[in-house]
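Heads up: the sequence lines are chains A and B, in that order. So for the first sequence, this note's numbering puts the first residue at 393; every next one is plus one. So for the second sequence, this note's numbering puts the first residue at 28; every next one is plus one.
Derived by calculation from the structure, the hints in this document are not laboratory data. It is possible that some hints are incorrect.
[Stated by the list, open to error] In silico lysine-lysine, PhoX-like type, Cα no more than 25 Å apart, as pairs:
| no. | chain 1 | residue 1 | chain 2 | residue 2 |
| --- | --- | --- | --- | --- |
| 1 | A | K497 | B | K223 |
| 2 | A | K462 | B | K223 |
| 3 | B | K152 | B | K223 |
| 4 | A | K572 | B | K223 |
| 5 | B | K264 | A | K572 |
| 6 | B | K86 | A | K572 |
| 7 | A | K497 | A | K409 |
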Amino acid sequence: MWILGLSFAAYLFALWKSPLLYAGLVLQAAYIFSRGAELGRLPLVGPHDTLIFLAASMAAFAAAFAIALKDRSRFLNTVATIAAVCTAFAMTSPQQNTPLPPVLKTVWFECHVVLAFMSYALFGVAAVFGGVYLQDRQNSFEGLGYRAVLIGYCLFTLSMIFGGIWAYLAWGTYWIWTPKELWTTILWVYYSFYLHARLRQWWMGRPMAVLGIAGFAITMFTYLGVSLLMKSSHSF
Amino acid sequence: MILFNYIYNFFFSLRTALWLLVFSLITLFAGAFIMPLHEEFQVLHSTPLFEWIQDQPLKITWWLWTLIGILAVLAVNTLLCSIESIISKRKVTQWLLLISPQIIHAGFLFILLAHLLSGIGASQKMAAASEGSMVQISGENTVLSVKEINMSFDSRGYLNDWDVSVEYLSDGNVLHRDIIRPNQPSTRMGFNINVKDLRPYPREVVLLQINREPGAMWALIGGILFTLGIITLILLKIRMER
Chain A
393 MWILGLSFAA YLFALWKSPL LYAGLVLQAA YIFSRGAELG RLPLVGPHDT
443 LIFLAASMAA FAAAFAIALK DRSRFLNTVA TIAAVCTAFA MTSPQQNTPL
493 PPVLKTVWFE CHVVLAFMSY ALFGVAAVFG GVYLQDRQNS FEGLGYRAVL
543 IGYCLFTLSM IFGGIWAYLA WGTYWIWTPK ELWTTILWVY YSFYLHARLR
593 QWWMGRPMAV LGIAGFAITM FTYLGVSLLM KSSHSF
Chain B
28 MILFNYIYNF FFSLRTALWL LVFSLITLFA GAFIMPLHEE FQVLHSTPLF
78 EWIQDQPLKI TWWLWTLIGI LAVLAVNTLL CSIESIISKR KVTQWLLLIS
128 PQIIHAGFLF ILLAHLLSGI GASQKMAAAS EGSMVQISGE NTVLSVKEIN
178 MSFDSRGYLN DWDVSVEYLS DGNVLHRDII RPNQPSTRMG FNINVKDLRP
228 YPREVVLLQI NREPGAMWAL IGGILFTLGI ITLILLKIRM ER
């Protein structure tokens, strides 16, 4: 847990010294690997593990996107704030250390979950780009936000396909009408709209930035809201 | 002629696609709040959609009917826009860049087709069974016989693996032997037999789930096409920027 505490502090202090974001990322990566080794499985079950993975993924993607930026401090500061909030919530959530049920011991499940959270992280990065664009009005931020959404949408679609294959093998059907599946469809249709809307000139700039921010709100509800508030096979 | 132009402009338009996506989002949002409030939806996954929806009151299914209508128009719009895009840009040099979004659209249409087929012809049956139990799996005289149930537990008492040996019998003759394992269903005559739940005490019992999912293959084809299209599109965009 002390590694998590350190990573939280690193994200927090990254608000003053942006490179500390990378320190937070390295610490969280170490935590994820150590926990995986301890459990003997992918540590991605329950809010504790998934929030840490989301924070680390956001930091990792932000680091990759930051290479293309000249003035990256505001972007990295916002990502560090979100990563710190996710880490703080993770630290207050109980760890799930029980072994996985046999039906979850499959590469389809692992791919499904990993890709889902990587896409959530990319949608988060896109929202941050949207926020920074609304302040600075630099077109490069809006363009990078679009790229984050495009890659995130690809990973999200793959996650849904892998989830469908896994559900078919585990329960004989690829679609089971749970609230989580409905919200996942909402998220997928939303980002389909985002990508198509960007083909029209009218939507470029501010509307795209706003759509990116609103998209992350739907993402977080699909991830946490549905899991915690509604009964579903996807609940924690 | 004016009517023809109006219909042409409606179906061959990106603006139409955007409006249809907005309407589907609104409908899905409505459904997301209606669904958890009504118990009727809890049996939806075990009945074909088009059979279930006709038996339910319109006040809880209106959003599904609306969504089906929107998706039908969206499917036509997607198909026509893709065809028009291929015809109008067929002379461009970057052929892959032209075709990859259309492959994504084809994948989407196959996934819609899969849901349509499953909505019409899917079925699900549950049966609790112990060793020696017989379960009828189709309208004919084929039965599934559960021969052996094995469960293994770790030192803390958690179930860590299981398998169920089954036989398909017809008129007392064994047609086929199979073993159902986690994520390894037994498939036979278009049916997919899974174990939904297991109970070790007082005696070993399994809850068998017998599914027919006619859309599964189309969903897989759609998923593969969608994946190929979107990965190609992203790689091409990255290469263009370099």
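Status of each hint after checking the structure:
For the suggested pair A:K497 and B:K223, the alpha carbons sit about 15 Å apart, so the restraint of at most 25 Å is met. Between A:K462 and B:K223 the CA atoms are separated by roughly 54 Å; this puts the pair beyond 25 Å, and the hint is violated. Distance restraint check for B:K152 and B:K223: the Cα-Cα separation of roughly 11 Å lies within the 25 Å cut-off, and the hinted pair is therefore satisfied. For the given pair, A:K572 sits about 19 Å from B:K223 by alpha-carbon distance, which is consistent with the 25 Å threshold.
Between B:K264 and A:K572, the direct Cα distance comes to roughly 32 Å. Violation of the 25 Å bound is thereby established for this hinted pair. Under the criterion of a C-alpha separation no larger than 25 Å, the hint pairing B:K86 with A:K572 is consistent with the structure, at around 22 Å. With a CA separation close to 41 Å, the supplied pair A:K497 and A:K409 exceeds the 25 Å bound.
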